[in-house]
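S.K.: Once you have looked at the hints, place chain Y on chain U.
Going down the list, the sequences are from chains U and Y.
Count along the first sequence from 1, add 5, and you get the number used in our numbering.
Count along the second sequence from 1, add 5, and you get the number used in our numbering.
Check the hints yourself; a few may be wrong.
[Said to hold, decoys possible] Pairs of lysine-lysine, DSS-like flavour, derived with a Cα cap of 30 Å:
| # | chain 1 | residue 1 | chain 2 | residue 2 |
| --- | --- | --- | --- | --- |
| 1 | Y | K341 | U | K134 |
| 2 | Y | K341 | U | K163 |
| 3 | Y | K358 | U | K134 |
| 4 | Y | K326 | U | K134 |
| 5 | Y | K392 | Y | K358 |
| 6 | Y | K281 | Y | K341 |
| 7 | U | K163 | Y | K326 |
| 8 | U | K134 | Y | K380 |
| 9 | Y | K281 | Y | K326 |
| 10 | Y | K63 | Y | K129 |
| 11 | U | K134 | Y | K248 |
| 12 | Y | K122 | U | K134 |
| 13 | Y | K281 | Y | K297 |
| 14 | U | K163 | Y | K380 |
| 15 | Y | K129 | U | K163 |
[Unchecked claim] These stretches of chain Y come out as covered by chain U in the derived footprint (C-beta under 8 Å, 3 or more residues):
| # | segment |
| --- | --- |
| 16 | 85-94 |
| 17 | 154-165 |
| 18 | 208-216 |
| 19 | 259-265 |
In case anyone wonders, no lab produced these hints; they're calculated from the structure.
Note that the structure is a prediction, hence the values are computed from the model and not measured.
C-beta: ideal position from N, C-alpha, C; glycine also.
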Amino acid sequence: MEVTVHMRLVSFVAAVFLAMLVIYPAPASAAITSFSVTGQYLNMGLIPGTTVYNSTAANGINATVVSSGPWKITAYDALDAGSGGAPNKPAGTEGKMSEYVTATDVYVAAGKHLTNALQVSGDGGSTYKNVNAVGTAQTIAMGNENLPDGTSVKPIFKQVLAANEEAVKAANQYHIIVTFEASQN
Amino acid sequence: MKVTFSLHLVSLIVAGLIAVCILCPAPVTASMTVVGSKYMGDISPGTTDTHIMTISSKPGDAPMDLSIAVMGFGETPGQNYISLPPADDTSPYSARNFITLDAQSFHLNPGESKTVKATIAIPKNVGDGGRYAMIQLKTGATGSGSTGYVTAISVPVMITIAKSAITQKGTITDVNVGDIVAGQPFHIVTALQNSGNHDYYSTKNTVTITDSAGNVIGTAGTEPSSSTIIPTYTVNFDVPFDKPLSLGTYTIKSQVSLGDGTVLDTKTIPFEMKTKYIAPPSQENITVTPQKSAVLASSDGRISVNFPSGAVLSDVAVTLKPLSLNQLPALPEGAKAGGTSFRIEGLSGLLSKDATISVKYSDADLSAAGGDASKLVLARYDTPDNKWSLLPTNVNKDTTTLSATTNRFGSWAVMASTGGVPAAAGSQKTGGFLPLNITTVIVSLGVMVVIIGVRVKKN
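In isolation and in its complexed conformation, chain U is listed as follows (with noise of 0.2 Å):
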């Protein structure tokens, strides 16, 4: 038996072939997550007895996610001190500003806190969730793949403020630092 093969077949299998590599997505393995948060929130002018929207879709960060495959982003308080400092927010505070010395970037121990938890929404103001803890982290905005371009979310702070909040000492504030985390599933 003659098996002729022509160079213009040829061409057009390799040419099937590079598009099928170019087409099918890469696998699992190199499952890819990109998570890039853009801005800062503004300081907050806190009122006892109202209720303070720090920030909008407008004023504030905008996180976009970038995923092979499923993805969540979680928010929680993890006690951490800010400017990269090691976590030493004080254990019964988890998702309530706490009083903070500025000038070092620690809580103050046994410091004051506001009574209700700073909440976070990630559909533009529609639902708030109460920053919790990172045993009962919240989701904020879930997805499926997204690529090239990714999703955008834009996390929105509201505090609610009691009556009865007491002010801290000038050097110092009240300050939350919240972790936004993004995971594939």
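M.R.: This is chain Y only, laid out in the frame that chain U set:
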């Protein structure tokens, strides 16, 4: 055409640009991309595997310091994965102690990539099933104000012990019925514990309600879960139910199964409907035409919208949809939602002639107003302005009906208002002006600078 600019003009433009730069500071970006953001693999006892993670930042990003650590793999009742600190990682299925990293922290410059290798060494006597851990990469805190944030990516590590006995079992530990609110779906929450030794994806919950005579009233369920459920953890499935139920005794059967149909567990509980329950409105569609008047109404007649002839300029398909209270945007100060909420979609702009919307208020609505129906108003959420409008509302206590005129649609709710209805709200036509915000002001100033300052000399 030749265009020339005067020195004054250049100075003006430069000053404008500087002002804009001050008003709009450069964004702070914490950005990382992880290739290898999930590990799933079979590993034999006594052997080792490696997992490579490549962490990179984009050229325009800020430099950052990253820490990387092996954590426990936890799961919340809401089916969220969490990175547990070692002290909290007490699961017998933890793989945290099997994993070592070749870096614990590093600095990442803009556009730079770093590779981190995780070595997974499985002990010989590891046992059967799956083993789980999280590798967490996190930045330092960003922001100097009262609220800062940390950005993190967690890499789930899900190991199957090769050639071991895998058991996929689940136990329903609780079935609960949430609050019954007229006009809203009620929620049946089923708690399932993974009582096997391996995780499972694509679980789904199906709930069936039967009456005392054994007739099936309705069945509802969840979509297959996109998260996995790991051994020992308990997660909740929330099934909203929106079929009408009269007073009486019912049976709720909740079943959780795997994606292939294998039933993990079934639990049946009795349920008594003690209060009158009104189901949310059903979805209804009509086409509104310019020539004729039209009525969009829910099947139970509680909600109706009357479009006069000439309300639209061309044919428009309009839809009435149920909307849960928990999907409503944040309510305005001094307002309290009752139990009636819905959406009307299909009209993106303003009507040429006002429509009349009528809603029968429920006991839940009346309760929100403390029993005083005169405090009830129809509220419309105007998405372009991101705010609620409390419309001037006629209250007919004889027919328990609220009515108002409107020239736009979107999300609606019956609210109890303690602050009264603003005179300027309602269905006044607001035209197409943009809301005044800082962006509008800056853009307008920029346009003015260009218009006033540019001197074009045509040759």
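S.K.: Confirm or reject each hint.
M.R.: Quick rundown of the hints versus the structure:
no.: 1; hint: Y/K341 x U/K134; in the structure: holds, 18 Å
no.: 2; hint: Y/K341 x U/K163; in the structure: holds, 18 Å
no.: 3; hint: Y/K358 x U/K134; in the structure: violated, 40 Å
no.: 4; hint: Y/K326 x U/K134; in the structure: holds, 25 Å
no.: 5; hint: Y/K392 x Y/K358; in the structure: holds, 22 Å
no.: 6; hint: Y/K281 x Y/K341; in the structure: holds, 21 Å
no.: 7; hint: U/K163 x Y/K326; in the structure: holds, 28 Å
no.: 8; hint: U/K134 x Y/K380; in the structure: holds, 29 Å
no.: 9; hint: Y/K281 x Y/K326; in the structure: holds, 22 Å
no.: 10; hint: Y/K63 x Y/K129; in the structure: violated, 42 Å
no.: 11; hint: U/K134 x Y/K248; in the structure: holds, 28 Å
no.: 12; hint: Y/K122 x U/K134; in the structure: violated, 36 Å
no.: 13; hint: Y/K281 x Y/K297; in the structure: violated, 38 Å
no.: 14; hint: U/K163 x Y/K380; in the structure: holds, 27 Å
no.: 15; hint: Y/K129 x U/K163; in the structure: violated, 51 Å
no.: 16; hint: 85-94; in the structure: holds (count 7)
no.: 17; hint: 154-165; in the structure: holds (count 8)
no.: 18; hint: 208-216; in the structure: violated (count 0)
no.: 19; hint: 259-265; in the structure: violated (count 0)
In summary, the numbered hints that this structure violates are 3, 10, 12, 13, 15, 18 and 19.
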